[in-house]
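K.L.:
Sequence:
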Amino acid sequence: MPESQLYIHDLKDFTTRHEKVARRSTATKPSAPKIGNPTPLGLSAFAMSTFIASLYGLGVFGITVPNILVGVSFFTGGVTQFASGMWEYKVGNTFGGTGFSAFGGFWASLGAIYTPAFGIQEAFGIIPVAPNATIDEYGFCQLNCDRYASSGAIYAATNHELFTQYHNALAVYNAAWLIFTFIFTLACIRTNAGVLGAFVSLTVAFLADVIYHLTPTNTVFLKIGGVAELITSFIVFYCLAATLLTPDLSPISLPLYDLSKKY
Numbered sequence: 004m005p006e007s008q009l010y011i012h013d014l015k016d017f018t019t020r021h022e023k024v025a026r027r028s029t030a031t032k033p034s035a036p037k038i039g040n041p042t043p044l045g046l047s048a049f050a051m052s053t054f055i056a057s058l059y060g061l062g063v064f065g066i067t068v069p070n071i072l073v074g075v076s077f078f079t080g081g082v083t084q085f086a087s088g089m090w091e092y093k094v095g096n097t098f099g100g101t102g103f104s105a106f107g108g109f110w111a112s113l114g115a116i117y118t119p120a121f122g123i124q125e126a127f128g129i130i131p132v133a134p135n136a137t138i139d140e141y142g143f144c145q146l147n148c149d150r151y152a153s154s155g156a157i158y159a160a161t162n163h164e165l166f167t168q169y170h171n172a173l174a175v176y177n178a179a180w181l182i183f184t185f186i187f188t189l190a191c192i193r194t195n196a197g198v199l200g201a202f203v204s205l206t207v208a209f210l211a212d213v214i215y216h217l218t219p220t221n222t223v224f225l226k227i228g229g230v231a232e233l234i235t236s237f238i239v240f241y242c243l244a245a246t247l248l249t250p251d252l253s254p255i256s257l258p259l260y261d262l263s264k265k266y
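Here our numbering is used: the first residue of the sequence shown is 4, the next is one more, and so on.
Derived from the structure by calculation, the hints contain no laboratory data.
Here the structure is a predicted model, which means the values were calculated and not measured.
Hints are supplied without guarantee of correctness; some may be wrong.
What the hints assert, rightly or not - DEER-style ranges, computed between Cβ atoms: (1) Asn221 <-> Thr101: 29 to 35 Å; (2) Ala126 <-> Pro250: 50 to 56 Å; (3) Thr218 <-> Gly65: 23 to 29 Å; (4) Gly108 <-> Ile38: 21 to 27 Å; (5) Ala105 <-> Asn40: 18 to 24 Å; (6) Gly95 <-> Glu164: 22 to 28 Å; (7) Ala172 <-> Gly65: 24 to 30 Å; (8) Lys93 <-> Ala179: 25 to 31 Å.
Ideal placement from N, C-alpha and C gives every residue a C-beta, glycine not left out.
Please construct the entire structure, taking both the sequences and the accompanying hints into account.
P.N.:
What follows is the structure in structure tokens.
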């Protein structure tokens with residue numbers, strides 16, 4: 004048999020064996036686990052955290068003790084949102100991954116501010132007091148006395164200069180998140196009306212918070228910030244419902260109004 008025929012025969016035999024091995028390898032190779040949509044988890048965590056924080060800011064039902072908000076900030080707003088952000092990256096959604104992860108950090112940091120173990124408020128001379136305490140008992144001024152005037156203060160400032168620094172520091176803190184949120188507002192113009200509306204109202208909320216902390220005696224901006232946060236939470240709740248109410252799960256559907264073709 005000619006050498007060329009031997010070569011062709013050997014090549015065909017090798018190819019056949021290789022194809023069989025490849026088929027066996029493909030058959031035994033485990034498939035990647037299917038990943039669900041992490042967006043509803045992030046939306047629910049954001050909506051609930053913002054809803055609770057907004058009612059605290061508006062002083063609804065006379066609630067002043069922030070312990071419930073601290074727990075929500077760390078776990079619902081913090082851990083849950085951060086986890087959903089990581090899963091958004093896994094499915095290739097950079098916008099959702101960045102947004103949820105960053106706001107998870109925001110809520111965790113907010114919880115840290117009100118946690119005595121971190122010593123943040125203590126460093127500014129802010130001390131906890133009894134709910135029915137008066138100004139004269141614990142210093143020159145109640146912290147956020149305008150917010151808690153109806154039910155008494157739970158914190159008091161012991162030093163005027165530190166009290167001013169505390170509010171200025173919170174103004175800088177909120178200003179950073181104002182810039183971040185405004186960038187996201189620009190980045191979502193071509194998404195849908197729900198997402199855009201949420202970021203617009205959240206931008207207004209951060210702006211109002213910045214102005215309030217620069218002028219802490221001006222209660223108008225405190226209320227504006229609380230109302231804007233409440234509106235944000237309702238919009239995000241709507242987006243959550245629109246995301247979950249799919250044809251295979253519910254006969255009800257909610258539009259999000261796609262903006263990709265308008266801008």
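K.L.:
Run every hint past the structure and note whether it holds.
P.N.:
Structure-based check of all given hints:
At about 33 Å, the beta-carbon gap between asparagine 221 and threonine 101 stays in the expected band of 29 to 35 Å. About 54 Å separates the C-beta atoms of alanine 126 and proline 250, a value consistent with the hinted range of 50 to 56 Å. Threonine 218 and glycine 65 have their C-beta atoms about 24 Å apart, which keeps the hinted 23 to 29 Å range intact. One distance hint, 21 to 27 Å for the beta-carbon pair glycine 108 and isoleucine 38, holds here, with the actual separation near 23 Å.
For alanine 105 and asparagine 40, the Cβ-Cβ distance of about 20 Å falls inside the hinted range of 18 to 24 Å, so the restraint holds. Our hint of 22 to 28 Å for glycine 95 and glutamate 164 is violated, since their Cβ atoms are close to 50 Å apart. The given range of 24 to 30 Å is respected by alanine 172 and glycine 65, whose C-beta atoms sit roughly 27 Å from each other. In this structure the hint that lysine 93 and alanine 179 lie 25 to 31 Å apart at CB holds, the actual value being about 27 Å.
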